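Just need the whole structure built from these sequences, with the hints factored in.
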Amino acid sequence: MKYSYFPGCSLKGLGRAYEESLLPVMKHLGVELVELDDWNCCGATAYMSVDETKAAVLAARNLAIAEKAGPRDLMAPCSACYLVLNKTKHNIADFPEINAAVQRALGNAKLTYSGNVPVRHPLDILVNDVGLDVIKEKVVRPLKGLKVAPYYGCQTVRPYATFDDAWNPTTMDRLLATAGAEVVHFPLKTKCCGGSLTGTVPEAGLRLTYILLKEAVRRGADVIATACPLCQFNLDAYQDQISRRWGPARIATVYFTQLMGLAFGLSPEQLGLKRNFVPMKPLQAEPVTA
Amino acid sequence: MMRIERRIKYEGDRVRGFAKEIMSVSGCEQLQSCIQCGTCSGTCPLSIYMDFSPRQVVALVRADFKNEVLRSHTVWLCASCYACTVECPRQIRITDIMYALKQRAIQDGIYPKRFPIAVLAKEFYEMVRRKGRITETLLVMRLFLKTNWGAALGSWRLGLGMIRTGRFGLRPEHIERRAELAAMLATADNGDGKPKERQ
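Chains U and A, in that order, give the protein sequences. Counting in my numbering, the first sequence runs from 82 upward without gaps. Counting in my numbering, the second sequence runs from -10 upward without gaps.
Warning: the hint list may mix true and false statements.
Each computed SDA-like pair below joins lysine to any residue, with the alpha-carbon atoms no more than 20 Å apart [stated by the list, open to error]:
hint, chain 1, residue 1, chain 2, residue 2
1, A, Lys9, U, Pro177
2, U, Lys93, A, Arg166
3, U, Lys93, A, Phe157
4, U, Lys93, A, Leu159
5, U, Lys362, A, Asp178
6, U, Lys355, A, Phe157
7, U, Lys272, A, Met39
8, U, Lys191, A, Ala175
9, U, Lys355, A, Gly150
10, A, Lys9, U, Glu178
11, U, Lys191, A, Gly155
12, U, Lys93, A, Arg119
13, U, Lys272, A, Ala175
14, U, Lys355, A, Gly155
Worth flagging that the hints you see were computed from the coordinates, not collected in a lab. Only a predicted model underlies this, so the values are computations on that prediction, with no experimental measurement involved.
In structure tokens, the structure reads:
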């Protein structure tokens, strides 16, 4: 199993623990990832706010490079990258004027894109390509007794995901259950964390983050699992500010890949778990050994 | 002092052709079919902070009230969660309409000044245009420099936390083939016939 891999800026920056845990987990499962040559920023929500044509051109450069790399699916683990690359694919296919602008720009750089790069999320690849039965065989240290609130955020499942439901996705639930964790019923699993508003309009953004933290605690979760670098940062880094404003809501937030890695017997150090502001409590019983 | 304000819009406040302009944007064609059911406002996690609800914004755009929507806080509070877009019974891509409005507010320079979101979008845009990638910590520092020194000082604890957890990257990230990307973006600049943004 071989995929092109689009890390995106966050997985090299604030969200590097996502990459640090994703790569060994995929390797452990025999999934080969080839990082996209000279990939550029997907544009996230910001580029679309300034110029939609350039936003399409920017993201399309990555699709063109992926197409050149070979007939492989492109894995995009960050929610924003996953959304923007898929959105660009759809817009190029649906709107002739966007396609024309993109083709002109690509032509200028001697690149081509014919529309044949499936953009896939790791949750999709793990459940549908690798398969839960294969993953289960690799679990050597089941996350027994660990109560996890599965949090997907917005852009992984809305509006382009075909592998899971827009409001009640279950792929992460099933992966975590396969890893032996107790998955807590968490109806807020796709409610917005506030996105970049936590920094720009904290009175609104942080409140949304607070609601998620409080609800996860209320439902008895030990830890929140997420699949998005911005969600992870919001839920993890602002807990002191949030507690000062609205009262205590302390709980660790980690990437689902970090929990899978622990279940595969990898050490917390190998999985970037030291990068948390609010650390996850060590697993019960036998201490993890590398 | 008591502020006397007119709460009713006059015919003369309309900017003819604005609805048409927005509907010409890819993805915004369905605007006209809105039935004003309010599902978008109901699903929106941020509508309680907005001066106009998403439903009202759609109505205002459709009725050509350009200045009112471009000055409203609503478009800048949209976090792009796509809840409204997924739920709309008329398949209107409300999130994309919000993007179309953000672009026009930035072009015309009439976004509300206290919201640093427009500044963030522009700084992000510039960094990607020049480097091809984003270095998040540098981006946030530029944002603070341009908008709010106090907020920067108030965030020292957050900065320390990022350093402690090894997440504070100061090495500017960039792609190798920057000229290639620049050429592509320049093509888009000259090829789409849209007005240049005002700096």
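| said: Are any of the numbered hints broken by this structure? If so, which, sorted upward? | reply: Hint check: 5, 11 and 13 fail, others pass.
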